[in-house]
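One line per chain: the protein sequences are A and B, in this order. Heads up, the first sequence stops at 304 in the working numbering, and the numbers go up one at a time, no gaps. Heads up, the second sequence stops at 351 in the working numbering, and the numbers go up one at a time, no gaps.
A hint or two may mislead.
[Said to hold, decoys possible] Derived BS3-like pairs: lysine-lysine, alpha-carbon spacing no greater than 30 angstroms straight-line:
hint	chain 1	residue 1	chain 2	residue 2
1	A	Lys292	A	Lys38
2	B	Lys149	A	Lys38
3	A	Lys292	B	Lys149
4	A	Lys221	A	Lys130
5	A	Lys221	A	Lys292
Because the hints were derived from the structure by calculation, they are not lab data.
Each chain, letter by letter, is given below.
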Amino acid sequence: MTSTLSSAINRKQRPSAGKVVVGIILIGYATISLTPLLIMFLNSFRKTSDLLKNPLGMEWPISFDAYAVAWNSANFSSYFMNSIVVTVGSVLLSTAVAVPAAYAISRVRTKAMSVTEVVFLSGLMLPVHLAVLPTFYLLDSMGLVDTLLGLIFVYAASSIPFSIFVLTAFFRQLPEELEEAAQLDGAGPFQRFFLVMMPLVKPAIATVIVFRFVPVWNDFLYPLVLLRSSDNFTLPVGLSMFFGEYSTNWSALFAGLVIATVPLIILFLVATKQIIAGLTAGMSK
Amino acid sequence: MVHANQVTSTPARRSSTSNRSRKTGRAMSRTAALTFVLPAAVLFGVFTLYPMLAAFGYSFFSWNGTARGDFALLSNYVDLFTKAPYIEQLPRAFGHNILLFVGAIVGQNTIGLGLAYLLHRLKTGRQLFQTLYTMPYLVSAVVVGYLWTLLLSPTFGPLNSFFAAIGLEDLSRPWLGDPSTALWVVILVAGWQWVGFPILLYGAALGGIPAELDEAASIDGATARQSFFAITLPLLVPAITTVSVLAFIYSMEAFALPYSFGGSTGSPAGSTDVLSLMFYRVAFDSGSSNGIGMSSAIATLMFIFIFGIAMLATVVMRRRENRIK
Chain A
20 MTSTLSSAIN RKQRPSAGKV VVGIILIGYA TISLTPLLIM FLNSFRKTSD LLKNPLGMEW
80 PISFDAYAVA WNSANFSSYF MNSIVVTVGS VLLSTAVAVP AAYAISRVRT KAMSVTEVVF
140 LSGLMLPVHL AVLPTFYLLD SMGLVDTLLG LIFVYAASSI PFSIFVLTAF FRQLPEELEE
200 AAQLDGAGPF QRFFLVMMPL VKPAIATVIV FRFVPVWNDF LYPLVLLRSS DNFTLPVGLS
260 MFFGEYSTNW SALFAGLVIA TVPLIILFLV ATKQIIAGLT AGMSK
Chain B
27 MVHANQVTST PARRSSTSNR SRKTGRAMSR TAALTFVLPA AVLFGVFTLY PMLAAFGYSF
87 FSWNGTARGD FALLSNYVDL FTKAPYIEQL PRAFGHNILL FVGAIVGQNT IGLGLAYLLH
147 RLKTGRQLFQ TLYTMPYLVS AVVVGYLWTL LLSPTFGPLN SFFAAIGLED LSRPWLGDPS
207 TALWVVILVA GWQWVGFPIL LYGAALGGIP AELDEAASID GATARQSFFA ITLPLLVPAI
267 TTVSVLAFIY SMEAFALPYS FGGSTGSPAG STDVLSLMFY RVAFDSGSSN GIGMSSAIAT
327 LMFIFIFGIA MLATVVMRRR ENRIK
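Chain B extracted, bound-state conformation (with noise of 0.2 angstroms):
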């Protein structure tokens, strides 16, 4: 089983400890440092850090199309919670992406996770199995989102047909012009292309468990299941955080999927609407004269969200690990 642990593994010993400075690094100079750090420093600096600060610096301005206007301090963090169309369309949203958040979480810990145990414990083929279910997950989201829309047709969509030729013809409908089932669409599809994911993952966490200890519970006379829950699935929390808060990125930052299925409107009705979509309208489509202004009021708020939470579950998971260790 080949995983990221080969990092670790490979490498023929670890640096005995010696009794050399730790701080300075004898094998580097200064100056030489600085050249190898600064190529990356630039690009970074200049192309992803400048832009998100600028982002940042942009929301709290009034706008006049392209032209900057006055400060305005938090004036549009405010027209965000209190004037149409945002006041509508950020809790809509915002709850779309909590759905998709939890549609990912559930069937990742469910699916991925039981997919990933019975793997874990198939003797051949292993590598087969994980390399059909990953499938998914390195297509394009446009890709899966434009497929699922053909799939899904209601003039010669196989899905339809398909329940058709079993005789379950009331199932058939326009998935996706339905907004009472577009948006499950969406999230059915997003579960479907990620599960490869935390099944990779939970197969790396699952092979760094020793075996000893599921044979030494087994001959305390403990079920497979017992174990299971007494044993695997406690070693299994910190890949289960790393598999939720990616989860929860994902899910917040998601566009192309829904993109491609409702276009930035999110149709039908808005029933697909996401955060990302209403940034891509306000900033792009909206025709509002304030349209920089707002995208980057939503822009930051996001970053905000995104980066606090992920943070915030990251460190409080380190603690707990530090705790048991």
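Next comes chain A alone, as it looks inside the complex (with noise of 0.2 angstroms):
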């Protein structure tokens, strides 16, 4: 107990130390995390021979053939857009989809629409992608195996529980006096759905887009099974079968990582907002 009561006196006497100890702390854990991301984007614009010449070196001017073999040569291109395709397509879907079913489900106080509730929110827990073999099979049976449009199907399956889990409390904030005000002037549920509450939820479903995003364009066990022809690869697996045929290419590697990571970097910079309320969405509960 002394010691703390010492500490706190000479915290008392010199604040700015505690501070520049903070400071410290904070800067050195920014530093544990970002440097390894700083070394993969410095390291994609040098050559192959720079960097087993001097690892941690830089140098001048910088190249670009890293990202001309990893872009051409090695189908990044194609991967690219896959990803792009399938990532705003499930996303687009799955809210398209969600947000309908949570405002059915905050506003209907049944037991049915309890049930639902809770199947739906049981996808939160549950490690779905365990069941890729049976998916397999079924997609094979509608003929979407290695399909791009097979892939969007899945994802956004496995978004609805986070998308309706953020909706669903979103909505019963709302006040359905006006709803019911709507309905007074003579509008039908779908006009009070579109017309009255899909404004009102807006921040939510941008939280949603946002979000889901992130896992389902870094996804890798899905495309690995569901996919065959490297044409239809999305980045994930685009790269690991790139680190297999580059293998010594190293700089090339190094642009590869790069390119599946800038547009998350972009989206987060940007919608910062959204991705931490969709990170601490589990707070609201």
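With the hints in hand, could you dock these two chains into one complex?
Following this line, the structure appears as structure tokens:
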């Protein structure tokens, strides 16, 4: 206890000393957090021979050879487009179906509806991707194996639990009087939904769209199993093939990693608010 | 500070307690409700629920390639715990998942909680640091795995050169080539990647604690340390549970990160093997004719274990919270 006391006194006498220590810790951890990513960026602009000669160096002028190799020779242009199509398609599809479902769940208080909600939300805790084998046979029976559309359906379905979780909580905060007033004015259920409620839940919709982008963009197991031809690969699977084929062209490997990462970094910087809201959505319950 | 509580704080007012029947929300007819729920229910039912139930069903049959054979009740499960190679691989992989979980939970509740606490008391720059700390969490596990493989490379890896540059050559080693260090690399890298999440979540939880509590305590003469342990920490227990449950789920189903370090076999020498990799091998790489039956048995056990523990922890937590209220 005496040590606590003396440190408290110390802190009072020299408030700046404590702040300096806190600053060193915070900046120190930021360094640990970012240095690997920074090295990834820097090394992607170097040549493999330079990486070998001087692992910690940086040459001038910077070289774009690595990107030319990854983007053109190694098919990253098509991986990139496939990732965009799959991610955007599935996030839009899951949001389109989750918004009305969350609205109904928040407004109808029957036993059947609570069961529906529980079933949807159970998806938050289930390792759904372990059902990848039956998923494969399901898509096979629909002729959707090795198609981007099949992957879009699978991701859209797996995004539903989180989207419904966030959107239901949001709808529940909106007063029902709004809809009742619209109803008195003669608006039907669909008009009330599209004209009255949709504009009010825009922030929650933004959170859901932006936040689901991240896990879908990054996912690896589904495309690894459900896609066959390299023309259809998304970035994570494309990367794993690339690392096998180009294992000695190190700078190209770094460039490949950067290509797979940059869209997320940009998304995070322009939509920090939505990403953080999505990450901490569990706290609203 | 922006966090999930914006969900609870932005919309103007809660619906006032009205005298209408609370049961059937008058605003919506049954047909309308069904129309609203149906598309999501169909999509979720077909592409998520059905495959999970099917995996469960697959596990009770013996399979011959892709042809379903006889109903086998629990024989796949029995084989999992009695026959080679499952009997050697299953406990080893499970042990690695547990180590991954222990590493995650220790890191998140010391470094993660500590940083969140320091950031919470910071007046300016909080969001900047949060953004920087969260960056690795958003990067694909595949990218993280391959990136660290390159960073730790024995031939040109910057880490070994860094050790050499500061005169610590003795620390240089083929980190991922040595079975005694490879798993620790996976655990540390997972910790490095995941720590951003608890920092944000604890930040949100700390923001929800009324400042008056701390002020009252300090007027009563409590030191910062005393009020942290007596006030802040108990109020953080729900957040700590959330973080721990999610760390549990993440650690138990980890696939992309170990795969990108050691491939589907968990090299070197199975030292980075985990349950999901074992599942993947048995399903797609094993050459066993009953691969579907055996891998579905592994998947079913993982479903039950992960969902069971996660639910149990959540329910116990809720009860405690309610008792306090």
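Status of the hints after comparison with the structure:
For a cut-off of 30 angstroms, the pair hint linking Lys292 of chain A to Lys38 of chain A stands: about 27 angstroms separates their Cα positions. For the given pair, Lys149 of chain B sits about 11 angstroms from Lys38 of chain A by alpha-carbon distance, which is consistent with the 30 angstroms threshold. Between Lys292 of chain A and Lys149 of chain B the alpha-carbon distance is near 19 angstroms, which keeps this suggested pair within the 30 angstroms criterion. For the hint pairing Lys221 of chain A with Lys130 of chain A, the CA-to-CA distance comes to about 28 angstroms; that is within 30 angstroms, so the pair holds.
Under the criterion of a C-alpha separation no larger than 30 angstroms, the hint pairing Lys221 of chain A with Lys292 of chain A is consistent with the structure, at around 14 angstroms.
Hint compliance for this structure: every hint is met.
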